[in-house]
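Protein chains: 2
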Amino acid sequence: MIEDKNQGRTSLSELGEFGLINHLTQYFKIKNPATVKGVGDDAAVLEASEKQTLVTTDLLIEGVHFDLSYMPLKHLGYKAVMVNLSDVYAMNGEAEQITVSIAVSNRFTLEALEALYAGIQLACDTYKVDLVGGDTTSSNKGILISVTAIGKANKGDVVYRSGAKETDLIVVSGDLGAAYLGLQVLEREKQVFQVNPNNQPDLDQYTYLIERQLKPEARKDVPGLLKELEVKPTSMIDISDGLSSEIMHVCSQSKKGCKIYEDKIPLDPQVISTCEEFNLDSTMIALSGGEDYELLFTVSIDDFEKVKGNPNFSIIGHITAEDQGMNLVTRANQEIELKAQGWNALKEE
Amino acid sequence: MIEDKNQGRTSLSELGEFGLINHLTQYFKIKNPATVKGVGDDAAVLEASEKQTLVTTDLLIEGVHFDLSYMPLKHLGYKAVMVNLSDVYAMNGEAEQITVSIAVSNRFTLEALEALYAGIQLACDTYKVDLVGGDTTSSNKGILISVTAIGKANKGDVVYRSGAKETDLIVVSGDLGAAYLGLQVLEREKQVFQVNPNNQPDLDQYTYLIERQLKPEARKDVPGLLKELEVKPTSMIDISDGLSSEIMHVCSQSKKGCKIYEDKIPLDPQVISTCEEFNLDSTMIALSGGEDYELLFTVSIDDFEKVKGNPNFSIIGHITAEDQGMNLVTRANQEIELKAQGWNALKEE
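Chains as they are written, first to last, in my numbering: chain A, 33 to 381; chain B, 33 to 381.
Where hints are given, some of them may not hold.
One copy or any two copies: either way a pair holds, since identical chains are not told apart in the list.
Lysine-lysine pairs mimicking BS3-like chemistry, simulated, CA-CA at most 30 Å apart [said to hold, decoys possible]: (1) 264 with 222; (2) 160 with 259; (3) 63 with 187; (4) 197 with 61; (5) 63 with 222; (6) 63 with 83; (7) 287 with 63; (8) 83 with 187.
Calculated from the structure, these hints are not laboratory results.
Just chain A, same shape as in the assembly (with noise of 0.2 Å):
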């Protein structure tokens, strides 16, 4: 994912809207039998099913969502997609379908475009999605990105927020708190680089961090991981506003309270030597960065033999009643009351 920094200066308004659309997706190829047609007419048009369509859109906009300062058009494109599919995942379904609408400021080239549509091809290629429609407008400033992804899952395999048990074992796939940390560094480089522009960054220490922010990856795997295992999850949720705030869903939609576990909580060793480095608390860094797109689960206890070692799930706690509210039980076996600090949108500058 290299870009060329040296870039043509097509100008947009010299293809028109339709030759935009064309010109960027003519080398998208429909992978899934169930798109009968994509690009091109009113509506995208998909095969009948007998299993159930998942929905969900995700909106990320220039200034509030990322800063392409260091964050190459190519990656935000495999990044918009991520950030759709992985909703879908959560239900316990696959993606297939996607739909994107791009508004650019005149400031932005075909070139540009090219580069961020490359991205969103790579997506679509890897976790084999088909593009199917879309928008392509001018913005009055900057770079908006509008993804909607869609999905399928057999009706009795639909996994929600609402489904949490009582003393359901807490899962979470992978581990936490890698890509809001990668941010940290990438805005101190930049501003490393705004003092003194020569200066070359040596960030081999922070390669985890920097892929999960720049290139995250969604956890296509775990519906078929879980289906192998003969698990059903009782309720799942992807970890996009961090841990805090995703757990908090879960039990605020199933009626129940939550001990999460302080070290129970899965670290990368690279987290933990950059939260020392910047004086940052791990946990707090897992419980409210954000961004990771793992995904957060319960089932019954009675599967704990089929999830305990599994490489890729790490148990952090359990569901209680909901009158023993949302606790965190620290190292030194304190009960801290769970609050979401995860990432609002709506915040004031």
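Let chain A serve as the given structure and place chain B on it in line with the hints.
Frame of chain A; chain B shown alone:
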């Protein structure tokens, strides 16, 4: 659709993102049995179906697609839904669900968004569609709305742009050009207001034009009307960018030519009188104006008897061989090549 100008000033950050979504969507009721789960989980869940699924999306941006100085937010919400439903009807389908994502700068209050959502809700109620998801975030400048509409059609009923055959009749619903002229009237009144804010405009003679611009209605009725008439169009498209641009899409995708007869293009009397007043050519306005949200379709000449004389439809021409080109036959019986001079969202300002 009268807005309370004496709006309250509740800051959006007081509610936070999830509080805001809950607040804005609390009075939306699910109307379609196919909507299993709407707002409130990672993705919406739609029931399995023997029908094909239709998906379409459009993005509306302040300063590009609308001007809030004469577009009340309630109307904007309504129109954003119409633009998308129109695309579903243009596939000969029924719209069932929408997702709505918005980004707003901090100049917008909670009361402003309530007005926007009141328009969205009115559209949902009137057109029997369910709001099933979306995203709400902040923008650096202005407001934008991204809507995705989802619909259904029996497999054999879907009508593409590409099916027009030689000798097919070209038909439009309703009348054309009024929405564009409505915009011209509103733009003129804005100029007058800027010079003299005490001037009270008399807009009685433009009511239809202004309504077509500010509160367009998608042609939900047309697929049903065609079924009653036992007519299946060979091709169909909605008229959002002007008749000329749309007929050219049909012809190029069907690899055909066409003849459109100037004297057959349906015009409302207000279009004719206002074109005279503004010194505009009414045919040019109908061909290039856009935002009519009428349907343009082709039917076999065998269906002539079923369509002719129907007050909803006007037969305006016929499909020819591709090498005949795309032409307008004027009242003076001259043939002029059609040009797409419709609205281009990517034009340089």
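Checklist entry - What label fits residue 197 with residue 61 when the C-alpha limit is 30 Å: within, between, both, or neither? => result between (43 Å within a copy, 28 Å between copies)
Checklist entry - How would you classify residue 63 and residue 222 at a CA-CA limit of 30 Å: within, between, both, or neither? => result neither (39 Å within a copy, 50 Å between copies)
Item to check | Within, between, both or neither: residue 63, residue 83 at alpha-carbon 30 Å | outcome: Cα proximity of residue 63 and residue 83: in one copy and across copies (18 Å, 21 Å).
Checklist entry - Under a CA distance limit of 30 Å, which applies to residue 83 and residue 187: within one copy, between copies, both, or neither? => result For residue 83 and residue 187, both the intra-copy (6 Å) and inter-copy (16 Å) Cα distances are at most 30 Å.
Next on the checklist: Please sort residue 63 with residue 187 into within, between, both or neither, judging by C-alpha distance up to 30 Å.
Outcome noted: both (23 Å within a copy, 20 Å between copies)
Item to check | Intra- versus inter-subunit Cα pairing at 30 Å for residue 287 with residue 63 | outcome: Close across copies (26 Å), not inside one copy (41 Å); limit 30 Å.
Checklist entry - 30 Å Cα cut-off: does residue 160 pair with residue 259 within a copy, between copies, both or neither? => result This pair counts as within: shortest intra-copy Cα distance 19 Å, inter-copy 37 Å.
Checklist entry - For residue 264 vs residue 222, is the C-alpha pair at or below 30 Å within one copy, between two copies, both, or neither? => result Neither way: residue 264 and residue 222 sit 44 Å apart in one copy and 60 Å across, limit 30 Å.
Checked against the numbered hints given earlier, the structure breaks hints 1, 5 and satisfies all the rest.
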